[in-house]
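Participant: Residue numbers (the numbering used here), protein chains in the order written: chain Z, 1 to 114; chain R, 1 to 112.
In short, the hints are calculated from the structure, not lab data.
One should not assume that every hint holds.
Claimed, not checked - Here are the simulated DSS-like pairs of lysine-lysine, each with C-alpha atoms no more than 25 angstroms apart in a straight line: (1) R/K111 to R/K37; (2) Z/K57 to R/K99; (3) R/K111 to R/K68; (4) R/K99 to Z/K65; (5) R/K71 to R/K111; (6) R/K99 to R/K42; (7) Z/K69 to R/K99; (8) Z/K71 to R/K99; (9) R/K71 to R/K99; (10) R/K71 to R/K42; (11) R/K99 to R/K57; (12) Z/K69 to Z/K18.
Said to hold, decoys possible - Stretches of chain Z that chain R covers, calculated by requiring three or more beta carbons in the stretch to come under 8 angstroms of a beta carbon on chain R: (13) 43–49; (14) 56–66; (15) 97–103.
C-beta atoms are modelled at their ideal positions from N, C-alpha and C, and glycine is treated no differently.
So you can see what is in the structure, the chains are spelled out below.
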Amino acid sequence: EAQVTQNPRYLITVTGKKLTVTCSQNMNHEYMSWYRQDPGLGLRQIYYSMNVEVTDKGDVPEGYKVSRKEKRNFPLILESPSPNQTSLYFCASSPGTVANNEQFFGPGTRLTVL
Amino acid sequence: GENVEQHPSTLSVQEGDSAVIKCTYSDSASNYFPWYKQELGKRPQLIIDIRSNVGEKKDQRIAVTLNKTAKHFSLHITETQPEDSAVYFCAAPHTGGFKTIFGAGTRLFVKA
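Looking at chain Z on its own, in the form it has when it is part of the complex (with noise of 0.2 angstroms):
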C-alpha cells in the first residue's frame, strides 16, 4: 500500500531534550516536506526536501534540522526542544522535485513540551 508513515504518532517531552520523528514514504517521491499545524495558522512548511541530499527552509525552520541521506526517509531533528513548538506535525511527499503536484501527508505527530 502507497503510504507516508510517521512515528511516534504521539509524544510527550521535557526542554531540551533531543528528539528525532522520522518519516518514511514508499512512493519513490523526491519531494517531501515538514509541516507544523496550529490552530488558526493553517500548516506552516518548515523544511523540504527536492531529492537525496537536497535540503532547504520553509517558512518557519527555527530550531528544526532535517537530513535527507535516502529517498525515502526525512527525519524531523529537535535538537532542544522547547514549549513553543508543541505542535501537530506532518510529513508529506509528492512526485517530481517542486511544489506543483499533489503532497500526500503522513498521520501526523502531536508533540507537546512540557
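Since the structure of chain Z is provided, determine the placement of chain R on it from the hints.
Facilitator: What follows is chain R alone, placed relative to chain Z:
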C-alpha cells in the same frame, strides 16, 4: 512577502446549499493550486487541484476556478452534505516552485 490568504475562516451553511471559499496568492509564477480537506483528527487529503493553463475544473459537486490576473482561486461545493463538514486548505507553490504556502484554513459546517 510571500503569502496565501484564505477567506472565510469559518463558514456555516444549510445542507443542500452551496459553499464558496476563496484564496489569493502573492507569487505570480505560481502554477499549481490544490485544495485539501482535513476531517477532524485526520490528515489533509487532496480533493481537487487546478493548473495555471485552465480557468476551471469540476469533479462532481466540487469545482475550482482560477483567475491568474487577479491571483486568486476559489473552491465551490454545491449541494453540500453533512460529510462535507471539515477544514479546507488552499495552497500554492512559491519561491521558484520549491516552497509550499498554505492558507490558514476554512472550517466548514454543514447543518442538516
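Participant: Each hint needs a verdict: does it hold in this structure or not?
Facilitator: Each hint, compared with the structure:
Using a Cα cut-off of 25 angstroms, the hinted pair R/K111 and R/K37 holds, with the two alpha carbons roughly 18 angstroms apart. The suggested pairing of Z/K57 with R/K99 holds, with an alpha-carbon distance near 8 angstroms, which does not exceed 25 angstroms. Taken as a hint, the R/K111 and R/K68 pair is broken in the structure, with Cα atoms around 33 angstroms apart against an allowance of 25 angstroms. Between R/K99 and Z/K65 the CA atoms are separated by roughly 17 angstroms; this keeps the pair inside 25 angstroms, and the hint holds.
At most 25 angstroms may separate the alpha-carbon atoms for a hinted pair to count; R/K71 and R/K111 exceed this at roughly 32 angstroms. Distance hint between R/K99 and R/K42 is fulfilled; the C-alpha atoms sit about 23 angstroms from each other, no more than 25 angstroms. Simply put, Z/K69 and R/K99 have alpha-carbon atoms about 20 angstroms apart, close enough for the 25 angstroms limit, and the pair holds. Our distance criterion of 25 angstroms between C-alpha atoms is met by Z/K71 and R/K99, whose separation comes to about 18 angstroms.
For the given pair, R/K71 sits about 17 angstroms from R/K99 by alpha-carbon distance, which is consistent with the 25 angstroms threshold. The straight-line distance between the Cα atoms of R/K71 and R/K42 is roughly 30 angstroms, outside the 25 angstroms bound, and the hint therefore fails. At roughly 24 angstroms between alpha-carbon atoms, R/K99 and R/K57 fall within 25 angstroms of each other, so this suggested pair holds. For the given pair, Z/K69 sits about 20 angstroms from Z/K18 by alpha-carbon distance, which is consistent with the 25 angstroms threshold.
As drawn, the region 43–49 of chain Z meets chain R at 4 residues by the rule of a beta-carbon pair under 8 angstroms; at three or more, the given contact holds. Given a C-beta distance limit of less than 8 angstroms, the hint that chain R covers the region 56–66 of chain Z holds, as 3 residues qualify and 3 suffice. With 6 residues carrying a beta carbon less than 8 angstroms from a beta carbon of chain R, the region 97–103 of chain Z meets the three-residue requirement, and the given coverage holds.
Hints 3, 5, 10, counting from the list given before, are not met by this structure.
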